[in-house]
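S.K.: Given next are the chains, with one letter for each unit.
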Amino acid sequence: MPPLELLFQQALNGLMLGVMYALIAVGFTLFFGVLDVIHFSHGDIYMLGAFAGLSVLTGLAAAGAGTPAVALPVAFAASIVITGLIGVAAERVCVKPLARSSPLMTLLATLSLGLVIRESVLIFYPRGADPKPFPWLLPQGAFDVGGVVIRYDNLAILAIGLAAMVAVDRIINRTRMGAAIRAVAQDPEAAQMMGVNLDRTVDATFFLGSGLAAVAGILSGLYYSEIHFIMGVTGGVIGFSAAAIGGLGNVYGAILGGLLFGLVQTMAAALIPRGSEFRDVVAFAVVLLFLVARPSGILGAKSVERV
Amino acid sequence: MILVWAAEAVVLVLVILGILAESPLALAGTAAAGLAALVLVRALPRLRAALAGAFAGHPTAALAGGAVCALALPFALRTSPYWTFVATLALLYVVIGQGLNLQIGTAGLINLAGAAFAGLGAYTVGLLTVSAGWPAWLAFLAGPVVAVVVGTLLFVPILTTRGHYLALVTIAFVFIFNVLMNNLEFTGGPQGIKNIPTLRLFGYSFTTAPTVLGIALPAHANFYFAAVALAAFATGVIRRLHDSWLGVALNTLRDDEIAAKCCGISIARAKLTAFCVGNFFIGLGGAFYAVMVGFVSPPDFDFGYSLIMLSVIIIGGVDSIPGVVLGACLLVPLPERFRFLHEYRLLLYGVVILVMLLYRPQGLWPAAVRRYR
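If you're matching them up, the sequences are chains A and B in order. For the first sequence, counting from 1, position 254 maps to 254 in this note's numbering; every step adds exactly one. For the second sequence, counting from 1, position 71 maps to 71 in this note's numbering; every step adds exactly one.
Don't read these hints as lab results, they were simulated from the structure. The beta carbon of each residue, even a glycine, is placed where N, CA and C say it ideally should be. This list has only true hints and no planted wrong ones.
Label-pair ranges, simulated between beta-carbon atoms:
1. Pro24(B) <-> Glu226(A): 39 to 47 angstroms
2. Trp136(A) <-> Tyr82(B): 43 to 51 angstroms
3. Pro68(A) <-> Pro24(B): 52 to 60 angstroms
4. Pro24(B) <-> Phe124(A): 20 to 28 angstroms
5. Gly128(A) <-> Tyr82(B): 24 to 32 angstroms
6. Val145(A) <-> Phe340(B): 53 to 61 angstroms
7. Cys263(B) <-> Asp199(A): 37 to 45 angstroms
8. Glu226(A) <-> Tyr82(B): 35 to 43 angstroms
9. Ala129(A) <-> Leu71(B): 37 to 45 angstroms
10. Ala129(A) <-> Val13(B): 38 to 46 angstroms
11. Asp243(B) <-> Arg174(A): 56 to 64 angstroms
12. Glu5(A) <-> Leu154(B): 32 to 40 angstroms
13. Met194(A) <-> Leu51(B): 51 to 59 angstroms
The following residues of chain B were derived to be distant from chain A, with all beta-carbon distances above 10 angstroms:
14. Ala49
15. Ala70
16. Ala72
17. Ala132
18. Ala136
19. Ala270
Turn these sequences into a full structure, and let the hints steer you where they fit.
M.R.: Take a look at the structure:
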């Protein structure tokens, strides 16, 4: 059994990972709630968010505006807008045209769109095959609480992630657009009868979800200090798993699922011999257990089919 | 009957020309000829009707002609062992694609772990022969069995859950498979397993170059002929299953699970059967790959290959058995032909799937409408 400090340390790391996963998972769950689709290219949208953020940051640094206080907010804002628009475009290209065909078709289409995005970054981004170093912009240094080292940059990532989640909660529960999203998620036809513009609501949902993925992408760049064109694959699978564990369609479930996934991963790394290599295996085993034991997720409503 | 064979001969000649044409000019000429033939068939309704009638009227002759063409190919390609290898690979994708199509197309079970199941077959062969010293044939047969068993153990719990969960878990499984193969010691890690012994038939090794009718063929021709047999076997078995009650039941439960249940179909049993049979053929393809190449390593079985297998089905036509053959024969050799595209290969696969799904979701050779008599 590892010492208690190590466990706390790992729990802290798990929380960090969990916040990023949760941000991706919220996108999955929003799309599922509104359109009943699994948007399999969402992971690659997250990767695009990281690359957009990095491009903005390098551009700013070249223009001489590289101070963190200026560069970071600009990078976040720009990346959210760019990635959000790409997310809307992805929905227009390969979700909307297939709305009337079987769910299999949307799944396959979004899956191949993800492949196209990934390969495009690999081929067309300058030296896209290499991992890209991400600038260190967060305050360095750390303090110590009873043997647990808490780094300032980690705290900053946690704070940004939590702020994004609070923002989502506010948008969904306090704004007109949020009300429209909730209405469509509950019943698209009834919502339209009440004067909700379906297309605009769907666009807003995809913008919101993809923007959150962009935040997660930049955060992961700041955390790992490098990004890679392939990161969207694992990011997407984990995000979807987290959303499924939490209960597809439930935003709080997605957040819970993301945090749980991060904790399981880091605890597996701490408790199992050579755990850091096999942490994904353990995490997906947990997903499998969840799907068997509680297929509708932690917070998901149990769906009953009447025949 | 003459018409059927003439058409097949034209296709064979075009294929051979397409493969052997090295200079861009010759290649363009062949492509133009192929295109002209296609346009001719499409533009002349009389010719089209005659061809369709001939193929429908003489199915046995059509099959025999196809078999002759398939067996004749290595003789035309004897100067280029590489293309014999590519043709064999295409046939392996037929085997894998038929298995996957039974799962995805017929039963609607979205299995995105095709690469992992092929990898299970291949790694089983490698481990059993190199580490455990089994005879090659026994290991070769054990490969698909292991794929089936692992698939059954891991996926039975979720086979009956609805929706996208199977897709999720199969994606996760590809990644787990790759992590395990990369990090476990007994699988050789990233180096993989080398020197997998090849198959021998009555003391005759598959790697010796054969001489048939006095013509020396490249060494891969043995594997090519074996793959023709394997592809024919897979296609035949899957066709029989597809035309049987199982196929009808699977189509029903794919389209409406509740209705299928009401008709007395055991959902769990039907899905499990489709999943196991499919994995058997996918594992068989992987095992054959292992004995042919003699070397397996994790990157040969990553998620990208699952997507290539998927594109074979979507190009050919979901649930269409001849479509899988067409899809594999188009999608595997074409990127090899255009070598300069190689870097863009996966990108092209993605674009092709997307375009097909959006504009021709039924595929190039759509599944025939079931006729009940």
